[in-house]
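Participant: These are the residues of each chain, in order.
Number of protein chains: 2
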Amino acid sequence: MVNPLEIKVERNKHKKTKPPQDQLGFGVHFTDHMFVMDYAQEKGWYHPRIVPYQPIVLDPAAKVFHYGQTIFEGLKAYRTGDGRTLLFRPQKNIERMNRSNERLSVPQLDEALFLSALQQLIAADQDWIPSGAGTSLYIRPFVIATQPALGVSPSEHYQFIIIMSPVGAYYPEGINPVKIFVEAEYVRAVIGGVGEAKTAGNYAAGLKAQEAAKELGYSQVLWLDGVHRTYIEEVGSMNVFFKINGTVLTPALNGSILDGITRSSMIQLLKHLDIPIEERMISIEELYEAGRNGTLEEAFGTGTAAVISPIGELSWKGEKLVIQDGQTGELSKKLYDTLTGIQKGSLADPFGWMVEVSETPSGVL
Amino acid sequence: MVNPLEIKVERNKHKKTKPPQDQLGFGVHFTDHMFVMDYAQEKGWYHPRIVPYQPIVLDPAAKVFHYGQTIFEGLKAYRTGDGRTLLFRPQKNIERMNRSNERLSVPQLDEALFLSALQQLIAADQDWIPSGAGTSLYIRPFVIATQPALGVSPSEHYQFIIIMSPVGAYYPEGINPVKIFVEAEYVRAVIGGVGEAKTAGNYAAGLKAQEAAKELGYSQVLWLDGVHRTYIEEVGSMNVFFKINGTVLTPALNGSILDGITRSSMIQLLKHLDIPIEERMISIEELYEAGRNGTLEEAFGTGTAAVISPIGELSWKGEKLVIQDGQTGELSKKLYDTLTGIQKGSLADPFGWMVEVSETPSGVL
Ligand SMILES: Cc1ncc(COP(=O)(O)O)c(C=O)c1O
Ligand SMILES: Cc1ncc(COP(=O)(O)O)c(C=O)c1O
Chain A
1 MVNPLEIKVE
11 RNKHKKTKPP
21 QDQLGFGVHF
31 TDHMFVMDYA
41 QEKGWYHPRI
51 VPYQPIVLDP
61 AAKVFHYGQT
71 IFEGLKAYRT
81 GDGRTLLFRP
91 QKNIERMNRS
101 NERLSVPQLD
111 EALFLSALQQ
121 LIAADQDWIP
131 SGAGTSLYIR
141 PFVIATQPAL
151 GVSPSEHYQF
161 IIIMSPVGAY
171 YPEGINPVKI
181 FVEAEYVRAV
191 IGGVGEAKTA
201 GNYAAGLKAQ
211 EAAKELGYSQ
221 VLWLDGVHRT
231 YIEEVGSMNV
241 FFKINGTVLT
251 PALNGSILDG
261 ITRSSMIQLL
271 KHLDIPIEER
281 MISIEELYEA
291 GRNGTLEEAF
301 GTGTAAVISP
311 IGELSWKGEK
321 LVIQDGQTGE
331 LSKKLYDTLT
341 GIQKGSLADP
351 FGWMVEVSET
361 PSGVL
Chain B
1 MVNPLEIKVE
11 RNKHKKTKPP
21 QDQLGFGVHF
31 TDHMFVMDYA
41 QEKGWYHPRI
51 VPYQPIVLDP
61 AAKVFHYGQT
71 IFEGLKAYRT
81 GDGRTLLFRP
91 QKNIERMNRS
101 NERLSVPQLD
111 EALFLSALQQ
121 LIAADQDWIP
131 SGAGTSLYIR
141 PFVIATQPAL
151 GVSPSEHYQF
161 IIIMSPVGAY
171 YPEGINPVKI
181 FVEAEYVRAV
191 IGGVGEAKTA
201 GNYAAGLKAQ
211 EAAKELGYSQ
221 VLWLDGVHRT
231 YIEEVGSMNV
241 FFKINGTVLT
251 PALNGSILDG
261 ITRSSMIQLL
271 KHLDIPIEER
281 MISIEELYEA
291 GRNGTLEEAF
301 GTGTAAVISP
311 IGELSWKGEK
321 LVIQDGQTGE
331 LSKKLYDTLT
341 GIQKGSLADP
351 FGWMVEVSET
361 PSGVL
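Taken in order, these protein sequences are the chains called A and B.
Take the first sequence: its position 121, counted from the start at 1, is 121 in my numbering, and no numbers get skipped.
Take the second sequence: its position 229, counted from the start at 1, is 229 in my numbering, and no numbers get skipped.
It is worth saying that the hints were derived from the structure and are not from the lab.
Possibly wrong hints are sitting among the right ones.
Any copy will do: because identical chains look the same in the list, a pair fits if it lies in one copy or spans two.
Claimed, not checked - With a straight-line cut-off of 27 Å between C-alpha atoms, the simulated BS3-like cross-links for lysine-lysine are:
1) Lys179 to Lys8
2) Lys16 to Lys179
3) Lys208 to Lys317
4) Lys8 to Lys271
5) Lys271 to Lys333
6) Lys208 to Lys179
7) Lys13 to Lys214
Owing to the predicted nature of the structure, the values given are computational and were not obtained by experimental measurement.
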């Protein structure tokens with residue numbers, strides 16, 4: 001086990017100019033520092049360090065380029081009105097990262113060290129955390145297989161890296177309904193595969209369908225299951241919820257969809273609000289039937305990037321389904337306001353979701 | 001279109017010591033040069049060059065690390081007894097690479113330039129091509145998405161790279177039967193997914209099953225289809241053939257297995273030899289039934305790395321099936337000898353498979 005106190009810090013002497021808070025975009029600007037730690041089969045994880053943001057230098061035979069052994073996570077830090085820095089449920093991301101690691105034969109990360117690395121890195125770049133409405137610091141931890149060897153087997157060497165990007169509101173006008181294309185030809189993942197893990201290949205597999213949907217004017221794809229081509233799974237980077245006849249439904253975790261942290265938080269919040277919520281298999285036929293007979297009241301996606309994203313229209317095999325007249329529904333709005341209020345520290349946090357980042361964690365910096 | 005004549009060459013002044021020909025291993029030693037070409041959305045592919053073998057330098061946000069947009073190929077060059085250099089069906093690899101590119105939203109490569117790059121790179125490193133029995137120069141072309149941006153969408157920047165590794169016989173004792181574990185829990189790919197493409201994520205998805213099989217003493221996994229969990233697909237990096245009652249069977253191309261170049265060559269050779277060959281769906285039950293009633297005569301895998309690899313034993317849900325007493329069958333041996341003879345130039349090449357590499361292609365070097 002690596003001692004979190006042993007994280008060495010090399011300060012960046014050439015700080016970048018920060019982008020204006022209203023022109024952040026998503027994932028295009030990066031902070032002054034990054035966290036790096038190495039792994040060798042014979043040593044385990046070693047040499048944790050915070051260094052100036054810099055290129056990764058890899059042998060062209062590094063296994064990540066050829067066999068895709070790589071894992072990532074995505075979480076956000078928020079600046080509150082009174083100047084504190086809050087992380088949203090980081091422990092959940094750390095645990096999910098280790099579940100993904102397990103599925104992809106990547107060595108486990110020490111959870112305490114991971115959390116300490118997050119806190120120390122955020123502290124080093126705290127002047128990068130934006131404070132405007134809808135802004136946050138997006139954090140991307142990832143592991144890549146670095147051993148230079150052709151041959152399909154787990155790597156003997158890895159790097160664990162954390163980079164951070166100040167990001168704006170996912171939607172320019174706040175919370176705006178999106179149009180989603182229900183995919184009938186391509187499949188993202190199947191039970192027995194790696195759909196449940198946050199690994200690069202799952203996203204590559206979805207690019208072509210996403211591009212085709214975009215050409216038709218849809219911003220994302222809704223995936224159906226790979227076996228029956230009938231049951232609703234998830235959107236590119238969001239889990240999905242449907243309010244039918246007063247009850248909220250969301251696809252049950254089945255092994256081929258991501259166990260979203262926003263998803264589980266929304267289930268908890270809905271229960272707290274005494275709104276009926278069911279996790280179960282939902283067929284696209286059932287959903288369309290509810291849409292046709294007027295009982296489909298709202299639909300929305302949940303994810304770290306978009307928080308809550310209302311779905312205003314679906315298209316499946318040429319049949320369009322407009323939901324809530326294409327407007328943001330009451331429940332979507334309430335969930336969005338509640339969750340972003342808790343995250344930004346303007347609402348109480350009854351669930352203990354937020355973790356405060358101190359300015360000088362463990363006194364190292 | 002880039003003119004193949006425009007491939008710039010920077011000679012490596014610090015040549016490495018070559019490993020002894022009997023200690024090559026597979027994919028661990030690399031030659032003195034590599035080919036590199038860049039892509040930018042606004043320019044297309046540009047700046048093709050042969051440079052000293054060197055590390056790749058990428059922003060940590062490069063899309064390949066996060067969203068797995070990467071494609072590869074694998075082919076071999078052989079040194080003949082009379083000192084010529086032959087490539088095995090390079091055009092097939094070039095065409096398959098572009099099919100994989102298409103599936104993964106990677107821009108198409110110019111086929112003539114690709115072939116010229118292969119020839120010029122091999123010419124630059126021709127003293128690296130081993131000549132011993134079972135040796136060859138393994139060639140690995142690959143494309144990686146290099147744009148530094150978080151957000152799931154096709155990259156606007158790529159690098160196309162070719163590296164080469166002198167390799168030994170895949171099996172130390174030549175052609176030796178392998179033991180294969182029939183996977184009943186994990187799934188590699190499904191129809192509608194990316195199983196047909198040579199993309200990194202497919203290999204990452206197979207690591208865990210492969211590790212579990214290895215612990216039980218099996219060298220590879222035989223995948224079943226992801227929908228019915230019944231039909232035979234392929235092995236980790238080989239297509240599979242079974243001789244039952246005098247007829248050779250191989251799974252039909254269905255969209256979820258790789259269209260192997262060794263596979264299609266063996267089908268062509270079997271037809272030429274007037275041996276009945278059928279491409280169709282084969283259930284694992286049918287195979288086991290043939291094994292139990294004594295009509296399963298031979299089984300073998302085909303792939304660039306192993307050429308022909310006899311299968312001596314299968315294990316499925318605890319039931320073992322020993323094939324040909326665990327020995328190499330007559331047909332496997334004949335196909336192996338014929339194919340390696342054609343590849344090494346010691347047998348005639350009635351199919352026009354081999355492409356000769358001249359020592360000074362296009363006079364650039
Ligand atoms: C495939 C997929 N589904 C769902 C989600 C939503 O998960 P979370 O709420 O943890 O961000 C994401 C994004 O992380 C994702 O990539
Ligand atoms: C998944 C898979 N199947 C089959 C093969 C065999 O294909 P080929 O004969 O073209 O090498 C390979 C290796 O390239 C492979 O990676």
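Participant: Now look at each hint and say whether the structure bears it out.
Facilitator: So, going through the hints one by one against the coordinates:
1. With identical chains, the CA atoms of Lys179 and Lys8 are never at most 27 Å apart, being 46 Å at best within one copy and 47 Å at best between copies.
2. In this assembly of identical chains, the alpha carbons of Lys16 and Lys179 never lie at most 27 Å apart, being 37 Å within a copy and 56 Å across copies at closest.
3. Taking the shortest Cα distances, Lys208 and Lys317 sit within 27 Å of each other inside one copy (17 Å), while across copies they are farther apart (36 Å).
4. With identical chains, the CA atoms of Lys8 and Lys271 are never at most 27 Å apart, being 44 Å at best within one copy and 65 Å at best between copies.
5. For the homomeric pair Lys271 and Lys333, the shortest alpha-carbon distance inside one copy (17 Å) is at most 27 Å, but the shortest distance between copies (66 Å) is not.
6. For a Cα distance limit of 27 Å, the shortest separation of Lys208 from Lys179 inside one copy, 17 Å, qualifies, whereas the shortest one across copies, 37 Å, does not.
7. With identical chains, the CA atoms of Lys13 and Lys214 are never at most 27 Å apart, being 42 Å at best within one copy and 49 Å at best between copies.
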